[in-house]
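Line by line, the protein sequences give chains F and C.
Anchor point for the first sequence: position 288 equals 288 in our numbering, and the numbering is continuous, going up by one each time.
Anchor point for the second sequence: position 249 equals 249 in our numbering, and the numbering is continuous, going up by one each time.
These are calculated hints, taken from the structure and not from any lab test.
Just so it is clear, the structure is predicted and the values come from calculations on it, not from any experiment.
Cβ atoms here follow ideal geometry from the backbone N, Cα and C, with glycine treated the same way.
There could be a bad hint or two in this list.
[What the hints assert, rightly or not] For each label pair, taking beta carbons as the anchor points, the in silico distance ranges come out as:
#	chain 1	residue 1	chain 2	residue 2	range
1	C	SER62	F	LEU19	38 to 48 angstroms
2	F	ARG24	C	VAL41	39 to 49 angstroms
3	C	PHE59	F	GLU243	22 to 32 angstroms
4	C	PHE59	F	ARG24	31 to 41 angstroms
5	F	ARG24	C	LEU175	39 to 49 angstroms
6	C	ALA179	F	ALA47	53 to 63 angstroms
7	F	ALA23	C	THR118	13 to 23 angstroms
8	F	ARG41	C	ARG194	40 to 50 angstroms
9	C	PRO68	F	GLY252	39 to 49 angstroms
10	C	ASP198	F	GLU243	45 to 55 angstroms
11	C	PRO68	F	PRO278	37 to 47 angstroms
12	F	ALA13	C	SER62	45 to 55 angstroms
[Claimed, not checked] To list a few chain C residues with every Cβ distance to chain F over 12 angstroms, as calculated:
#	residue
13	VAL65
14	ALA136
15	LEU162
16	TYR165
17	THR201
18	GLY214
[Claimed, not checked] Listed next, the in silico EDC-like pairs over lysine to aspartate or glutamate satisfying Cα-Cα at most 20 angstroms (straight line):
#	chain 1	residue 1	chain 2	residue 2
19	F	LYS241	C	ASP86
20	F	LYS241	F	GLU297
21	F	LYS241	C	ASP115
22	F	LYS241	C	ASP54
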Amino acid sequence: MSAMPEVDGEGRAELMLALLADARLPTGGHTQSAGLEPALRAGMPAAQVPDYVRARLATVTRVEAATAVVARHVALAAGPVPDGAGSPPAGGASSAGVPDGVASAARGLADTWLAWTARTPSSALRETSRRLGRGYLRLLRRLSEGHPAVVALDEAAVLVADAPRADGVPDPGAGATSAARAVPGAGTDPGGRAATGRRAPQPPRPVVLGVTAACAGLSARQVARLVGYEDVQTVAAATLKLEPVDPVVATGWVVAAQPAIDALARAVADLTDPRAIPAHGAPLVEQWAELHSRTTERLFSA
Amino acid sequence: MPDILPETTPDTRSLRLGVAGPVGTGKSSLIALLCRELSGVLQLGVITNDIYTDEDARFLRSAGVLDPERIRAVETGACPHTAIRDDVTANLLAVEDLEEDFAPLDVVLVESGGDNLTATFSPALVDAQIFVLDVAGGGDVARKGGPGIARADLLVVNKTDLAPYVGVDVPRMVLDATAARDGAPVLALSRLDRESIDALTTWVQTLLAAHRAGAHVPQDPGPMAPHFHADEDGNGFLHTHEEGDASHAHDHSHADEHDGAAAEPVAAAGRD
Chain F
1 MSAMPEVDGE
11 GRAELMLALL
21 ADARLPTGGH
31 TQSAGLEPAL
41 RAGMPAAQVP
51 DYVRARLATV
61 TRVEAATAVV
71 ARHVALAAGP
81 VPDGAGSPPA
91 GGASSAGVPD
101 GVASAARGLA
111 DTWLAWTART
121 PSSALRETSR
131 RLGRGYLRLL
141 RRLSEGHPAV
151 VALDEAAVLV
161 ADAPRADGVP
171 DPGAGATSAA
181 RAVPGAGTDP
191 GGRAATGRRA
201 PQPPRPVVLG
211 VTAACAGLSA
221 RQVARLVGYE
231 DVQTVAAATL
241 KLEPVDPVVA
251 TGWVVAAQPA
261 IDALARAVAD
271 LTDPRAIPAH
281 GAPLVEQWAE
291 LHSRTTERLF
301 SA
Chain C
1 MPDILPETTP
11 DTRSLRLGVA
21 GPVGTGKSSL
31 IALLCRELSG
41 VLQLGVITND
51 IYTDEDARFL
61 RSAGVLDPER
71 IRAVETGACP
81 HTAIRDDVTA
91 NLLAVEDLEE
101 DFAPLDVVLV
111 ESGGDNLTAT
121 FSPALVDAQI
131 FVLDVAGGGD
141 VARKGGPGIA
151 RADLLVVNKT
161 DLAPYVGVDV
171 PRMVLDATAA
181 RDGAPVLALS
191 RLDRESIDAL
201 TTWVQTLLAA
211 HRAGAHVPQD
221 PGPMAPHFHA
231 DEDGNGFLHT
241 HEEGDASHAH
251 DHSHADEHDG
261 AAAEPVAAAG
271 RD
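All chains, please: the whole structure from these sequences, using the hints.
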């Protein structure tokens with residue numbers, strides 16, 4: 001994107017919003033049901049899917065949206081892509097050679113990441129978010145290669161890896177809950193490898209999405225609405241695979257969720273401080289996610 | 001600008017070999033066979049794509065042919081086509097994890113979810129692919145064609161030992177397949193036929209050598225096979241749904257590259 005001359009910023013934001021909301025986005029989204037599969041297995045009738053959607057938008061999805069909004073805000077501190085190769089970055093550079101803006105954004109992103117971790121009690125949901133975050137990060141690296149906000153995200157991974165943990169639980173990005181992995185986490189982070197040789201922690205999806213929004217020029221409200229819409233559409237689309245529902249009915253659910261999506265967007269769009277990210281919980285969603293992560297015969301990963 | 005895409009990291013990059021084919025043709029068994037035959041000489045990893053369960057991963061782990069940690073399941077969310085072709089994200093991440101955790105791996109085998117004749121791997125995910133049919137699915141399947149049958153790097157006609165019981169003429173099926181593939185390699189395989197097993201492992205070793213030498217260029221079997229439109233007089237024309245014939249021409253040269261000890265069609269007769 002850095003090479004595009006004369007870009008219409010508003011047009012680009014609209015295009016990127018449509019792109020990021022598209023189910024064809026190559027981030028592995030087709031493996032997700034936004035918790036719907038375990039909910040139906042637990043006995044929730046398909047007729048209650050609209051209620052399920054609203055409950056998510058008021059709780060776990062609100063945390064997700066707030067995290068993305070704050071991540072976008074703090075990532076903007078990294079500044080735009082410098083004009084021309086080799087020109088000195090604005091705002092000077094720290095002794096480590098990292099521009100001050102990038103270092104500031106990295107600290108903000110690490111705080112946002114840790115705030116999200118503290119507000120996401122289910123390790124299954126955290127693991128799913130990290131896996132999705134990797135898919136988004138892979139796309140972000142390709143679309144916004146070298147963007148200061150992406151550099152800041154890699155720096156944030158180093159900060160999170162070094163963050164002290166009072167509870168003795170493994171690193172928040174480590175993915176140690178997955179018994180299937182010999183070495184937890186993932187290896188796609190060339191800039192963020194931990195010094196010990198372990199893999200760097202993986203940022204969760206809302207943090208990566210917030211950085212993507214910053215790079216793409218989306219507004220806070222747009223990214224909030226994107227998170228809300230994506231969640232509802234994921235549930236609606238998964239319903240069609242799990243229950244006999246006419247697709248136009250499921251699409252109607254998405255449209256009908258607009259007031260709840262708007263409420264979510266209004267509630268989180270002005271947030272800028274990681275500490276202000278709400279901590280709404282949805283114990284059933286979390287419990288179902290935990291059960292689903294140990295279920296073998298499942299159609300969706302989560 | 002440095003290339004920061006992790007999948008191109010040369011020091012841990014394995015040969016990524018896809019195994020596709022319809023349900024029940026023996027993809028998992030073929031992978032178990034490769035692990036059994038090659039794990040002593042090559043560093044292997046396996047990714048399974050299960051549509052509904054992690055059955056294939058569990059089968060392979062329980063087969064005891066490879067360290068269970070080197071076998072990982074990717075769930076495809078009911079989209080087995082998507083996961084190996086249009087959105088390979090989940091599979092790529094799994095492959096990269098394996099390559100990093102057990103570096104350096106020589107070969108990562110990626111098993112597709114059992115699907116139909118049109119499912120093929122994207123070259124963005126695998127460097128080469130084996131398409132597996134079996135005699136029990138019917139001797140005419142090879143003639144039906146499809147991108148995997150026509151243009152996978154290797155077509156395996158599996159379970160030839162069952163041929164007498166299902167009334168399939170294996171040499172005929174291999175000839176049909178070879179014709180459908182313009183001479184590209186076809187291997188008649190039976191787990192009971194040592195010669196066919198050796199031919200398979202030799203093919204993999206030859207491919208690996210070509211991959212390491214930089215001589216192997218991943219080919220796309222494409223979403224559609226060339227097919228025949230009959231007209232009213234019983235004549236017709238053969239065409240593909242690709243842009244031009246560029247990739248078709250590729251396939252010919254590709255087949256030629258591997259013509260050698262490993263790439264020659266091997267028609268091992270079934271036991272009868």
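We went through each hint and held it up to the structure:
no.	hint	result
1	C:SER62 / F:LEU19: 38 to 48 angstroms	43 angstroms, holds
2	F:ARG24 / C:VAL41: 39 to 49 angstroms	42 angstroms, holds
3	C:PHE59 / F:GLU243: 22 to 32 angstroms	30 angstroms, holds
4	C:PHE59 / F:ARG24: 31 to 41 angstroms	32 angstroms, holds
5	F:ARG24 / C:LEU175: 39 to 49 angstroms	41 angstroms, holds
6	C:ALA179 / F:ALA47: 53 to 63 angstroms	55 angstroms, holds
7	F:ALA23 / C:THR118: 13 to 23 angstroms	21 angstroms, holds
8	F:ARG41 / C:ARG194: 40 to 50 angstroms	47 angstroms, holds
9	C:PRO68 / F:GLY252: 39 to 49 angstroms	46 angstroms, holds
10	C:ASP198 / F:GLU243: 45 to 55 angstroms	50 angstroms, holds
11	C:PRO68 / F:PRO278: 37 to 47 angstroms	41 angstroms, holds
12	F:ALA13 / C:SER62: 45 to 55 angstroms	52 angstroms, holds
13	VAL65	18 angstroms, holds
14	ALA136	26 angstroms, holds
15	LEU162	29 angstroms, holds
16	TYR165	32 angstroms, holds
17	THR201	26 angstroms, holds
18	GLY214	23 angstroms, holds
19	F:LYS241 / C:ASP86	19 angstroms, holds
20	F:LYS241 / F:GLU297	15 angstroms, holds
21	F:LYS241 / C:ASP115	17 angstroms, holds
22	F:LYS241 / C:ASP54	19 angstroms, holds
The structure meets every hint from the earlier list without exception.
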